[in-house]
Every structure is written in structure tokens, then in C-alpha cells.
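Enquirer: Letter by letter, the chains look like this.
There are 2 protein chains.
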Amino acid sequence: MSKLVIVGTVAFDAIETPFGKTDKILGGAATFIGLAASQFDVDASVVSIVGGDFPQEYLDLLVDKNIDISGIEMVKEGKTFFWSGRYHNDMNSRDTLATELNVLADFKPEVPQAYRDAEVVMLGNLHPLVQMSVLEQMETKPKMVILDTMNFWMDCALDDLHKVIKKVDVITINDEEARQLTGEYSLVVAARKIHEMGPKYVVIKKGEHGALLFHEDNVFYAPALPLEEVFDPTGAGDTFAGGFAGYIAKTGDISFENMKNAVIYGSTLASFCVEKFGTERMKQLSSSDVHQRLNQFKSLTQFEIVLE
Amino acid sequence: MSKLVIVGTVAFDAIETPFGKTDKILGGAATFIGLAASQFDVDASVVSIVGGDFPQEYLDLLVDKNIDISGIEMVKEGKTFFWSGRYHNDMNSRDTLATELNVLADFKPEVPQAYRDAEVVMLGNLHPLVQMSVLEQMETKPKMVILDTMNFWMDCALDDLHKVIKKVDVITINDEEARQLTGEYSLVVAARKIHEMGPKYVVIKKGEHGALLFHEDNVFYAPALPLEEVFDPTGAGDTFAGGFAGYIAKTGDISFENMKNAVIYGSTLASFCVEKFGTERMKQLSSSDVHQRLNQFKSLTQFEIVLE
Chain A
1 MSKLVIVGTV AFDAIETPFG KTDKILGGAA TFIGLAASQF DVDASVVSIV GGDFPQEYLD
61 LLVDKNIDIS GIEMVKEGKT FFWSGRYHND MNSRDTLATE LNVLADFKPE VPQAYRDAEV
121 VMLGNLHPLV QMSVLEQMET KPKMVILDTM NFWMDCALDD LHKVIKKVDV ITINDEEARQ
181 LTGEYSLVVA ARKIHEMGPK YVVIKKGEHG ALLFHEDNVF YAPALPLEEV FDPTGAGDTF
241 AGGFAGYIAK TGDISFENMK NAVIYGSTLA SFCVEKFGTE RMKQLSSSDV HQRLNQFKSL
301 TQFEIVLE
Chain S
1001 MSKLVIVGTV AFDAIETPFG KTDKILGGAA TFIGLAASQF DVDASVVSIV GGDFPQEYLD
1061 LLVDKNIDIS GIEMVKEGKT FFWSGRYHND MNSRDTLATE LNVLADFKPE VPQAYRDAEV
1121 VMLGNLHPLV QMSVLEQMET KPKMVILDTM NFWMDCALDD LHKVIKKVDV ITINDEEARQ
1181 LTGEYSLVVA ARKIHEMGPK YVVIKKGEHG ALLFHEDNVF YAPALPLEEV FDPTGAGDTF
1241 AGGFAGYIAK TGDISFENMK NAVIYGSTLA SFCVEKFGTE RMKQLSSSDV HQRLNQFKSL
1301 TQFEIVLE
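Protein chains in written order, with my numbering: chain A, 1 to 308; chain S, 1001 to 1308.
Mixed in with the good hints there might be a few duds.
[Stated by the list, open to error] A few chain S residues facing chain A, derived, Cβ under 10 Å:
id	residue
1	LEU1187
2	PHE1220
3	LYS1298
It should be emphasised that the hints constitute simulated quantities derived from the structure, not laboratory data.
Predicted, not measured: the structure shown is a model, and the values here were computed from it.
In this text, a Cβ means the ideal position worked out from N, Cα and C, and glycines have one as well.
Please model the entire structure based on the sequences and the hints provided.
Expert: Here it is as C-alpha cells:
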């Protein structure tokens, strides 16, 4: 059983969409990544920080999914990171209503000793220096390090971001962020420039338009499943990354062909995430749900053209 | 050899992109559709109208591609339809600088007698009443009628558009137009509403984000090939439709499985169209170019996940 280290936020989210709104519910990048990765037979550990206000039932949920939580520090007198946002009618854009860093402001991640030889490391969206400190704690070189990031760090910590990007095998980034990071509009050219920054594999997430995986001159495209309705996009990108990382950890195969499958698994799991608020859908996800949807992805994309 | 009737504009275009600009060059929906369909072993006839200013060499080009031009009326004292546009930096939006209808204002299409039993009819973007008059001239029921249209006709001839939509098997339409036609943001819901208007098959073109084919509860997704640079998007949608229609006419197979292939051929040909100004790339396209790019589409989209 492969080990997977996941660092990222474990948080409270409050979400408004055209379909309704929530109070503070379970959120955070590491939460979504962990829930997605838990679909695979991997030994995953989440490294994060929460406050004394964080409910035991949320921690129990992670433990129920066989996720190790010994790397989640609880600061009794502190408050959990909180994010609140409102999605616009098209669900493709959102306004941030509140960001309260709270305990996250002083987060010094500590990878549990038992996971410092993990084969796969997933660096969820966080300050690049925090991501770097996790890498530095690894005692054996991981087979694969995957980094997710966002435009915020390009605006305020670009040099640090470049340093951590240089150290990773795979970067997952959305289309606008890829353009911002490289100054290139064409995603093909942007991916090439990001390759030159370090990562051998570049995954560009395009939301409802799917995801592209680049490696040297190869490119693979996984569509998003066309859905009648996107109920809440929160966590879809993290779920995609968690599915990708979990599948790689499970198979231990880092060939391009296998990474295509990882992208398909990521898209498949993300297609569930958006069906309900927050983690609601991911909590109840069965392996037969996943199988059924993988078959939908096959019929969505596979064709038979025989060339004479 | 199947017969294919194509009705649409044969025109002059003048195009500005960030890469340069052209004088009046060969353009028009039927031109792009015809050039794309000519990649297949079909007997295609273009039904259109031009003025006395239309160069013989442009007509010769179509004849060289084995396209029947007996249905292209030439009005000696008239001027050819002219369109001019300027693309923005992102190449996804454009301003129309000029539209001179000229001879198109009085276009009464006449399908050549030898083609009134054609198996496939491709109604390129034109006033819906003009499209309807072509259908009315068919003496045997075509195996498949494909309609392309645009938002302009929704704004100014919606009732007539609904009448012709009701008569066709396949509609090709872009995402914004599908939303305008149905008032639905979700393309899945929009496709269902368009089904209810008549067409059994709905193709929604999403430009650089590919195309979706809907039929009852089935959906197929063909990505656009990720390109380093899109030089000129003019005619890409018509080229897609022409590839689709040509492949259906060649194979004579209107099953959903075969229509998937038609969509892939359409995307493949459209990926060439945008590489140069106007029809330049399509004029020189060889079948080995097409085979090579179909293989790129395969490696772009095909994966092997074995479900236990």
C-alpha cells in the first residue's frame, strides 16, 4: 500500500450559489484532496491545522475514510481558517466575501514520522514556503510530488512559488493562472514555459471545459462531464487533484499512459463533487458510483476510427 | 458514391487578426463546407450565388476539388457577398466591420436536377427561408439533413428558423447560440430543449473547447486540438460542419457511433482551417495530413482504464 502525504487547508466554508446558501460547513483543500484520494486503496495522511472550534465529527469523517490525521495540529485556543464566497449565475466566477486566516497564519506543517518516506506528496494550495517545508521534511525522495497553487501566490509570493515549482514533478493549475504565470495566452505555449520552470508534467484545469495534461510533446485532454446543473463548484479543483494523486499512489505507475488514467479519475471524482454543497456528495460516494461514471466518461470520449 | 448538397454563401472575406490582415479573399460558409467535404469520396454540389466580380480561379479551385458548381448562380451585373471582420487578441471574439449582402439579397437557390435525390443535405448559415426552399426542392427524402445557423437569425427571423429546425435531423450551433435559442445556461438542458424542437441530433460547438454531440441520453465530446497558435478562426465552424457532413455522406451510416467519428473528422479538419488565413490551409490539405492529425486526436483522447 503506497503512502500519500497531503498538505493543505482543513477549513470552514460558507457558500452562496444561485441554488442556496450554507452556514459554516467542512471545507479546505486538504479535505477535498483527502476525500478524493480515499477512493483508492492508499495510506493517506493529511497535514494541516485547525482551531479549537473544529468539530470532532469532521475529524471522525476523515478517520472513517481511513485518512491518517496525526499530522493535523489542533490549536485549542485558536480558530479554524474560514472562507466565504458567492458564486455568480454562470457558476464560473465567484466573489470572496471573507477570508479569515486564523490559525493558518502561523501554520508550520509537520509531516508525521511514519509518512516521511511516502511515495507520493500532494502539496495543496498554500503559501509556497509552507509547501516547501513539507518537501524538506521528506526523508526519502518521493516518486512523485504534485503541486497545486493559485493566482494569489503569483501576486504576493512569486519568487517563493518559483522555488517550489522547480522541485515538483507535476503542477496542477487553472487556465487563467497558467496564463498569468507565463504571460502566454496559448495554453500549449504556457505549458511549455511551465515545463521549463521545472515540472515534467503540467495539468491545466479548465473547469467545465475539462483538463489538459502536458508532457514534452504529448498532450492528453479529459473533458468535464457535461452536467445538467453544477450545484456548487467549491472543491472541484482539489477533488480533481486528489483523484489524480490517489490514483498515482495506488498504481505506483508514473508513465504518461497511466497519468492519462489519473486525469480521467480526477475528472470523474470532480464531476461528483459539484453535485452537492461542500463535501456532501464526496462523503457518500461508493465505488460503484465511480465505476458507473467512469463508463460514462468512456462513452463520452472513446471512438473507433480505423484508418486505411 | 453518395451525393451531398451544400447550400450557403460563396463570398469575399477581408480579415484582420493580431497576426496580420488580408485583402478580399475567398470565403463563405459553402466554400469552407465544400472544401472540408471534398476530403471524402463524395459527389458534392454547392448551391450558391456570386457576382460578376467573382474570379474564375476561385470557381476553378472548387472544380479542382471535384465539387459540382452547376448550382452556383453568377449574376454578371451584381457584386459578390462581402464580409469583413477583426478578431480580438484572444481570437474568441470579433467585430464585424462590414457586411455587404449584394447578390445574396435576392438569392433564390436552385438545386441542380441531378442532386435532388442527394442522400445528405447540408444547410449552411443563411436566412431560414432560403434553407427551407432547398429542402422543398429535394425529390427524395434525404437520409440526413444538417442545419447550421447563427444568432442573427434568432434575432430577426426566429419563427422561420423554428420552421426549418423542425425539419432537420442534425443542428450544429455554438454554445452561446444554443443558450440564446433555449434560454438555458446548461448545455445539457439546452440540447434537450433543441431536441424537442425537432432535431434528433444536436451538435454544440464550443470553439477552442471542442464540440458536444447529443442524442437522446447519449453525449459525445470531441475536444479541439490544443494549438500553439490560432492564426485565423474564420470558417472553422463551417469546416467542422463540412467534415461532419462529408464523413456521413461517405459512410452512409447515421448511427450514433458513426456520428462520433463524424464529429472527430469535423474537429480534425477545423484544426487545420485555423492555421492560415481563409481557405489557404484547406486548399493544400492532403489525406496524409489528415491521417496524421487523426492519430493526434486519438492520443489526445483515448485511454485504457480496465474496471475490475
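Enquirer: Would you mind marking each hint as holding or not holding in the structure?
Expert: Okay, the hints, checked on the actual structure:
no., hint, verdict
1, LEU1187, "6 Å, holds"
2, PHE1220, "6 Å, holds"
3, LYS1298, "7 Å, holds"
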